[in-house]
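Construct all of the structure, not just a fragment, from the sequences and the given hints.
Protein chains in written order, with the numbering used here: chain A, 1 to 423; chain B, 1 to 260.
Check the hints yourself; a few may be wrong.
What the hints assert, rightly or not - Sample of chain A residues lacking proximity to chain B, with all beta carbon distances greater than 12 Å (derived): (1) Pro6; (2) Val87; (3) Asp122; (4) Ala245; (5) Arg314; (6) Gly373; (7) Ala379; (8) Gly385.
To be verified - Label-pair restraints from in silico Cβ distances: (9) A:Asp13 with B:Arg134: 52 to 62 Å; (10) A:Gly359 with B:His14: 13 to 23 Å; (11) A:Ala377 with B:Ala120: 26 to 36 Å; (12) A:Ser357 with B:Asp139: 16 to 26 Å; (13) A:Ser357 with B:Gly223: 46 to 56 Å; (14) B:His14 with A:Asn342: 32 to 42 Å; (15) A:Asn321 with B:Gln119: 39 to 49 Å.
Simulated from the structure, these hints should not be mistaken for laboratory data.
Quantities reported herein were computed from a predicted structural model and do not represent experimental measurements.
Using N, Cα and C, we set each Cβ at its ideal position, and we do this for glycine too.
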Amino acid sequence: MSDFSPDSARVIDGPDWMVRRRVAAAEALADFDLPTTALEEWRYSPVDKLDLARFSPASGLADPPMVPLHVEPAAIVRVVNGRIVTVEIDDDVAAAGVRVGALAGHDRGVELIGAVVDGAPDYFTRLNDAFAPDPVVVHIPCGVSIDRPIVISNHAAGDAMAMFPRLVVRLEAGSSATVLDRHTSDAGDEVLVCPVAEFDVDHEARLGYLNIQQLSRSAWQIASQVARVGQEATLTAATAGLGGAYARTRADTRLVGRGARGDLQALYFGDGDQALDFRTYQDHVGADTISNLLYKGVLGGRSRSIYSGLIKVRPGAHGTNAFQTNRNLKLGPDAWAESVPNLEIENNDVKCSHASSVGPVDEDQRFYLESRGVPTAEAERLIVGGFLDEVLRTLPVPAAVPSLRSAVAARIAEATDSEPADV
Amino acid sequence: MSELVIEDLRAAVHGKVILEGVDLVVRSGEVHAIMGPNGSGKSTLSHVIAGRPGYEVLGGSVRIDDIELLGLPAWQRAEAGLFLAMQYPTEVPGVAMRDMLTASRATSSDPDEIYELMQAEAGRIGFDEKFLERPVNVDLSGGEKKRNETLQLGVLKPKFAILDELDSGLDVDALRMVSHRIEEETSQSGVGVIAITHYSRLFEQLHPDVVHIFAKGRILETGGPQLADELEESGYERWVGTHVSQPAMASDPFADPLEP
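This is the structure in structure tokens:
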């Protein structure tokens, strides 16, 4: 584990405060062990198979691939192996005081990083604290609204390399913005990607965040998204999990201010031997807070998915409305999905519900389409697409949805082609 | 001219024999009414012909001209020219009707052409065009779903259509439009129709050439249109015994024959 030692952290460049922060995090890591499946939040995961010693913190740069985005962005940051390669920002956006780029160059960087995630650290957020080489900041000043998306395009390349992308989003009061955060990696490279994204949404601000995870099938991802939502503020946070050998996303949403709202969405698609893992935490701290979670996944081949979610309503959170729905569609007998919803309510004046399901494609729906002359495999494709459409049509960053839709359609076609037509 | 030929069709659900040997021949342009009490196996007949999973075919034959349907997947039966207007059309969330009909092997694969046909059919039966944009049957009332089935019949132009209680859920005006449209199709495109129903009100606009009394899993009597009127007067007692002996579940007209 020597590659993740304080000494390794110390040699990563950056301002003094950042180096000190990394070293402190690396030193703190010594007191913790890698999590195991004995812990509830890692149950059913393959974390026991993770041999961290096989990986080294990524060094050096590769050429970022020019993956088309089909989005007209207000700003775009290209990140390779956790390091910023290019930053482009529209003049009018910059003139409005919006900061997009290296956190190291932000005069308030030291107070912005960790402001949210430090409340709920785990082994991998600490690892990110220690080894994130070049955190990205998106900072929107008071009252400023940016219509077009701000794009962060992350790419990972290099066998046995570990990457630590870090994204720090801060929306000041009354501002609004959307962020598209995409993750890709070179095919065949066994990379470990541990991204951390933190969202600090101040009162009456509105943040839309869409994470598109299209890592290669040889990548491992252990991601954390942690949000704090202020009074009358709204966070719409969505994840499209398509890639990875094992891809985990933990999403913590703390609704702190009165009337704060979190709309949380995910769609995921597993095939082959993929394992997709989602852990969510809807934490209602303030009164009259609303959270609405909808996670939908499709599992083909021998793929596996784990969803576990907790709604927690704190004693002061009267008037809470909290909803949690997880639905999984299995395309064949060898796919596996586990869904574990949980409620923990410490206030009587609340409205909460949770629902979860795991099942095959509905036989009546398939028969209906077939009775109109739609061939079996095509009927299955339409039904699966329709199942995911409920998430697709409400995603933040609508401009990114058409290309995501095609990516999903390609995955569906691939998965249903490899299945026997009549199961 | 085509023929739908059903010979000695026998089928079971969960090991219980429901169809005990059905024989029926329908030619292009003909309308055959199948009338019978609840629980007599009428819906099972329509499902077995259309190829719904969950039924065990014990014997017999169903052919459109020289194509044997039994053994084919449902979509190939539709491709061969069969259409089933369902009693309870299934909701298919997230799937647009245009995409479904474009994917059908029984229609054009040009989505624009399909949409024009859908619009034209919607106009003929007073189906609000805003429903064309909805996912298949989602959030439609019972009556709207029946109009939607009729609309699809118009787009798919099958050789033979089975209408499984098309009249249930329709108000008088809607029933008139829908049954008129199907009557029109029997002469325009020559569709042959099997209309399964309890009541003769469907036949004010859609005129049956032949009426069959169906009970106890088979056709017990065949006659002209006057047989439907007779039924309206006297009920099914003549065919099913002094007391209409129905299975306990059959008192619920919404009972799914697959869930006895």
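*A:Pro6 remote from chain B - nearest C-beta pair above 12 Å*: Since the minimum Cβ distance to chain B is about 51 Å, A:Pro6 lies beyond 12 Å and the statement holds.
_Satisfaction of the hinted span 39 to 49 Å by the C-beta atoms belonging to A:Asn321 and B:Gln119_ = holds (41 Å)
*asked:* Taking 26 to 36 Å as the stated bounds, is the beta-carbon spacing between A:Ala377 and B:Ala120 within them?
replied: Since A:Ala377 and B:Ala120 have Cβ atoms about 30 Å apart, the given range 26 to 36 Å holds.
*Confirm or reject the statement that A:Arg314 sits farther than 12 Å, beta carbon to beta carbon, from all of chain B.*
Per Cβ check, A:Arg314 is outside 12 Å of chain B; nearest 35 Å; holds.
_Beta-carbon spacing of A:Asp13 to B:Arg134 - inside the hinted bounds 52 to 62 Å or not_ = About 57 Å separates the Cβ atoms of A:Asp13 and B:Arg134, which means 52 to 62 Å holds.
*asked:* Assuming the hint says 13 to 23 Å, is it satisfied by the Cβ distance from A:Gly359 to B:His14 or not?
replied: holds (21 Å)
_A:Gly385 non-interfacial with respect to chain B [C-beta, more than 12 Å]_ = Label violated. Min Cβ-Cβ 7 Å, cutoff 12 Å.
_Quick check: does the Cβ-Cβ distance between A:Ser357 and B:Gly223 fall within 46 to 56 Å?_
holds (50 Å)
*Range agreement (Cβ of B:Asp139 with Cβ of A:Ser357, hint 16 to 26 Å)*: Holds, at about 20 Å.
_Would the non-interface assignment of A:Gly373 survive a Cβ cutoff of 12 Å against chain B?_
violated (4 Å)
_Closest CB of chain B to the CB of A:Ala379 still more than 12 Å away_ = Nearest chain B Cβ is 7 Å from A:Ala379, so the label is violated.
_Least C-beta distance between A:Ala245 and chain B, which was stated to exceed 12 Å_ = Answer for A:Ala245: holds, closest chain B Cβ roughly 29 Å.
Of the numbered hints listed earlier, those contradicted by the structure are 6, 7, 8.
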